[in-house]
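Novice: Sequence:
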Amino acid sequence: MDFTISPELEELRRRIAAFVETEIIPHETNPASWDAHENIAEPALAELRAKARAAGLWCIQLKPETGGLGVGRVGMAVCYEAMNRSIFGPVVFNSAAPDDGNMMVLEAVATPDQKRRWLAPIVAGEVRSAFAMTEPHPGGGSDPTMIRTRAEKQPDGSWKLHGRKWFITGAEAAAHFIVVARSSDDARRGLTAFLFHRDQPGWEILRRIPIMGPEEHGGHCEIAFDGLHIPAEDVLMGEGDGFKVTQIRLGPARLTHCMRWLGLAKRCVEIARAYAATREGFGIRLADRESIQLKLGRAAMAIEIGRLLVMKAAWELDRGGQARKEVSMAKVQAANTLHEAADMAIQINGARGYSKDTVLEWIYRYARQARLVDGADEVHQMVLNRFLDKEGDDFWRWQVAGA
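Just so you know, we're using UniProt numbering here: the sequence shown kicks off at 1 and counts up by one.
Source of the hints: derived by calculation from the structure; they are not laboratory data.
Hints may contain errors.
[Unchecked claim] Taking lysine-lysine pairs in the BS3-like style, the calculated list, with each CA pair at most 30 Å apart, reads: (1) K51 x K153; (2) K244 x K390; (3) K244 x K325; (4) K160 x K244; (5) K244 x K115; (6) K115 x K160; (7) K51 x K356; (8) K390 x K325; (9) K115 x K51; (10) K51 x K63; (11) K356 x K63; (12) K51 x K244; (13) K115 x K63; (14) K153 x K115.
The model shown is predicted, which means the values in this text are computed figures rather than measured ones.
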């Protein structure tokens with residue numbers, strides 16, 4: 001790997017960082033900029049989104065023909081980290097989950113007509129979207145083979161859906177949905193992905209699930225399907241390709257979470273260092289105490305390890321690989337690094353860190369979900385062990401040039 005980035009990418013990163021500093025971070029301390037669910041309020045968001053679009057910083061992850069900048073996964077790693085220096089950052093640039101992952105999978109596999117109908121409005125910022133896969137027990141969670149929501153094919157080729165999903169991020173605010181349902185009992189091709197609009201009859205939101213942390217726009221919802229009718233043209237990829245759709249979506253989406261989390265982890269270190277540099281106790285600055293230096297040094301090292309793992313996974317995706325092993329390693333490292341960085345920063349800040357005078361407590365609550373979403377730590381460690389059993393010492397093989 002070559003760890004240098006192009007001057008053009010560095011200029012884009014600088015522009016994003018400057019926008020975050022001057023335009024977004026001031027909203028974190030303005031009560032009027034917050035909504036009832038501890039996210040950025042719609043009026044403030046609309047204003048910032050208009051500025052981001054005017055600055056040419058909109059949907060950088062997508063291809064130019066789709067409306068983006070085509071920076072690739074490596075470019076996303078550089079820029080997403082800069083975006084999430086602010087807790088409000090990614091959504092301003094239309095680079096936040098779940099729209100981010102939904103746009104990328106639609107760009108990759110949707111038909112031209114599906115892109116026009118389902119993708120373009122999300123890219124334009126006219127609607128939000130949701131990805132409905134997770135189900136309550138005994139349905140599918142981290143294991144999609146357990147999905148029980150049924151899709152029944154009709155004589156005219158259309159489908160009807162029955163079942164239940166939960167913890168569907170953004171569902172309350174979404175207009176466009178991707179839902180994965182069981183279309184047959186085939187072990188390999190038993191799942192199909194469908195597109196539907198919120199105005200279609202045959203489904204409902206049962207509740208917005210109260211959660212521990214701050215919420216994305218639209219919350220995390222439990223939804224039920226009771227005969228949702230989906231035309232044949234709204235099947236994504238093809239009948240039986242639902243597992244492929246989930247893999248195509250979730251691999252890069254997991255990695256984009258990691259990119260953003262590292263930006264938040266760096267913000268935690270930033271706040272901790274600033275406080276330690278000025279706060280004194282028992283005649284000495286906190287920054288001069290070895291115990292504080294050890295905490296900050298350990299956090300800095302963990303963030304850099306996360307960045308290296310993320311960049312390797314992004315590089316592998318850009319060269320056409322699936323990067324399953326690399327993404328799993330990055331996911332575990334980045335999620336735990338964020339949680340530990342937030343905890344460390346709160347400890348250094350003391351009561352101030354536990355209060356809402358800084359964003360640390362917000363990040364701490366948000367960080368706890370990082371070890372659960374898009375596959376719990378243990379699932380990714382299990383995946384890594386499978387690679388280890390299969391590859392043995394080749395688990396750590398070097399990439400040979402030209403091979």
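Novice: Look at each hint and say if it fits the structure.
Specialist: Against the structure, the hints come out as follows:
1. A hinted pair counts as satisfied when its Cα atoms are at most 30 Å apart, and K51 with K153 does not qualify at roughly 46 Å.
2. Note on K244 and K390: the hinted pairing holds, with a Cα-Cα distance of about 22 Å set against a maximum of 30 Å.
3. Distance check on the hinted pair: K244 and K325 sit about 17 Å apart at the alpha-carbon level, within 30 Å; holds.
4. Restraint check for K160 and K244: satisfied, since their Cα atoms lie roughly 21 Å apart, inside the 30 Å limit.
5. About 18 Å separates the Cα atoms of K244 and K115, which keeps this hinted pair within 30 Å; it holds.
6. Proximity of K115 to K160 is assessed by CA-CA distance (about 23 Å); at most 30 Å being required, the pair is judged to hold.
7. The hinted pair formed by K51 and K356 meets the criterion: a straight-line CA distance of about 28 Å does not exceed 30 Å.
8. With a C-alpha separation of about 12 Å, the suggested pairing of K390 with K325 holds against the 30 Å cut-off.
9. Between K115 and K51 the CA atoms are separated by roughly 25 Å; this keeps the pair inside 30 Å, and the hint holds.
10. The hinted pair formed by K51 and K63 meets the criterion: a straight-line CA distance of about 21 Å does not exceed 30 Å.
11. This hinted pair does not check out: K356 and K63 have alpha carbons roughly 39 Å apart, beyond 30 Å.
12. Simply put, K51 and K244 have alpha-carbon atoms about 37 Å apart, too far for the 30 Å limit, and the pair is violated.
13. The straight-line distance between the Cα atoms of K115 and K63 is roughly 13 Å, inside the 30 Å bound, and the hint therefore holds.
14. Our distance criterion of 30 Å between C-alpha atoms is met by K153 and K115, whose separation comes to about 24 Å.
The structure shown violates the earlier hints numbered 1, 11, 12.
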